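K.L.:
Just need the whole structure built from these sequences, with the hints factored in.
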Amino acid sequence: MIAHYGYKDGSGDFFISIDTDKCTQCSDKPCLEACPEKIIELFTDDYDDEVVGIKASERNKIKYTCLTCKSTFGAGHAACIEACLLEAIEHSW
Amino acid sequence: MITAGVDVGNMFTKALLQEGGRVLSYAILASGLDRKRAARETFRQALIKAGVTEDDVCNVFSTGAGQDEVDFAAGTVTDITAAARGTLKIFPMARIVADVGAEGAKVLKTDDDGRVLGFTINEKCAAGTGSFLETMGRALGVQLEELGPLSLEAERAVTINAQCAVFAESEVVSLIHAKVPREVIARSIHEAMAGRVSSMVRRVGLQKKLALIGGVARNKGFAAALEKDLDAKLLIDDEKPEFLCALGAALLAAERDAGQLP
Amino acid sequence: MTEKNEFWRWEESRWKNPDLDWENAEVITLGVDVGSVSSQAVILCDGELFAYSNMRTGYDSSESALNAASWALEGTGLTLDDIHFKVGTGYGRVNVTFADRNITEIACHARGGNLMYGPTVRTILDMGGQDCKVIRCDERGKVVSFLMNDKCAAGTGRGIEVFTDLLGVPIGEVGQRSLRVEMEPEPVSSTCVVFAKSEAIGLLHAGWSTEKVLAAYCLATANRVVSLLERVGMVKDFAITGGIAKNVGVVSRIEKILGVSALEPKYDTQIAGAMGAALFAKALAEKKAKTG
Ligand code: SF4
Ligand code: SF4
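Residue numbers (this note's numbering), protein chains in the order written: chain A, 1 to 93; chain B, 1001 to 1262; chain C, 2001 to 2292.
Certain hints may be false.
Okay, derived cross-link-like pairs now, DSS-like style, lysine-lysine, Cα gap no bigger than 27 Å in a straight line [what the hints assert, rightly or not]:
1) A:K70 with B:K1208
2) B:K1228 with A:K61
3) C:K2142 with C:K2212
Some residues of chain C that are not near chain B, with every Cβ distance over 10 Å (derived) [claimed, not checked]:
4) E2011
5) S2036
6) D2046
7) T2120
8) E2184
9) A2206
10) L2258
Keep in mind that the hints were calculated from the coordinates and are not lab data. Treat the numbers as computed from the prediction; the structure is a model and nothing was measured. Glycine residues also receive a C-beta, built at the ideal position from the N, C-alpha and C atoms.
P.N.:
Shown next as structure tokens:
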């Protein structure tokens, strides 16, 4: 499943998309550790798959929370994107 | 040499007259639908207050969202440039200027010579602008002017989770139903709003020499919440915080007229 | 706060299947969807729709969950104890205290949409009171991709409510009246509901009719949800659920922009989530029976 976490408001689109089918094949889940803000979490989804997602309390703030990380590493090279070897994570901004 | 700056915002139009760096007068009116008229009328009122006539004014510059509507202006400047120029006139040590108005907020950073190094603007989402406070005040049944003082009475705040002005309004209504004291809600509202503006400040780079301008700078509750969030003392022109863009435009009009600028 | 005219109020509803007798059923399941604005309960007998209720969510979500369930059960002779498995879903799903399990509204919508619109449905747009979801699913109603926007009131029921209040038009009439314009106006340009409202006040002052303002706002809402649909990718067949699915002004404009018509709903468009929850409950009840 492609899960789009984030939001669109008057100021733009801010989504982190995660291909959870890839998560199920990934044993280490390095993104969890890589995220400097610790906003990625591991959970069991409705179909009993072990996947990662953005914490519910954080989804509507990622434009701000991810700011430092994205500006440090460059937009396309945020820590989570770089950490995932299966290329399961994409950002819309 | 007298020059004028006219700042046509989405909600309010402001005009200011200055002479040699000294502010002579200023006036403010709602922009309304006919912004051309609002600009003319605000300018006229500023002239009356200063006791001068249009002929005494050498040059007029306009700025703001409706800067092109000012048909009697000789030139225009962006609101970023105007905000930087006007604020640094009052607070030469300021390096960050946060301008929070009714329908927009912007934060800019300047170098030691007053040049703008970077800025960020929000005029698309009401959360983080004066409209947010106005909407919340309405939900709470408190006049906008009373909201700030009320919030200062509270000793604690609760978190407002909604990141949207419309949803935050429902949250405020639930807080009222949950019998949370009004002053606590008022403080929570200001803290939520301060959080939005402080993340804009952090985006351009936090510095201790920070000035807050724009209509919302009059709100002591908001200023206190922002100071707390940023852990910095704010520079605020209590007399005319919403006129600093107009002041900047007037100063730039004088400089350009004097040939200091191309 | 004065409770003046409540133009945003929509009709609560309930329904019972006259052709079904629960006493002949093997598995009776319940799904309860507690949204921020409305709550629904669906009772299935062996996977067939037996009864449902659709009502406003109050300030207390647990109470609203119970109220919705009780209203669906009312007059059927059934009680909560007769139900074999209960699933809670929706924004307030943790408050469905009597549920045996909670499942996200995304999974429930896909599952419910699959039954309500048939297995050909691939994209479900759910326009709720305080959120907007786009869900792509497979022929069994399993989620393939989703997006949920609950950060911003634009494109949600709340946005429309603000306009019903401003214009004094009952929510049920918004769609029809927005279509009574000779020429489609430009959409309201501000995305933000707060700014869109000030813009609308300006348009009214400039002499626009109520209908024209409604048209401009319904079009803005349609544009907005279409942009969300495009992020996920629209695949046919297409269905719209949730409260705004009842607003022809928004639905017809979405169809026009996409060039696709939405499947005709067979039931109340607001019960998709609860329906899915009840279907999950059925599967879980059967699993429980097997494993003992
Ligand atoms: S962009 Fe950085 S902060 Fe944001 S989720 Fe990815 S790793 Fe975490
Ligand atoms: S989040 Fe709320 S305040 Fe911001 S643009 Fe959307 S409707 Fe406006």
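K.L.:
Determine for every hint whether it applies to the structure shown.
P.N.:
To see whether the hints hold, each was checked on the structure:
1. A:K70 with B:K1208: holds (24 Å)
2. B:K1228 with A:K61: holds (20 Å)
3. C:K2142 with C:K2212: This hinted pair is violated, its Cα atoms lying about 40 Å apart.
4. E2011: Holds, since 21 Å exceeds 10 Å.
5. S2036: At about 8 Å from chain B, C:S2036 fails to clear the 10 Å cut-off, so the statement is violated.
6. D2046: The claim stands: C:D2046 keeps its Cβ more than 10 Å from every Cβ of chain B (closest is about 39 Å).
7. T2120: C:T2120 clear of chain B: closest Cβ-Cβ about 35 Å, beyond 10 Å.
8. E2184: holds (23 Å)
9. A2206: Non-interface label on C:A2206 violated, nearest chain B Cβ at 6 Å vs cutoff 10 Å.
10. L2258: holds (25 Å)
Of the hints listed earlier, those the structure fails to meet are numbers 3, 5 and 9, in rising order.
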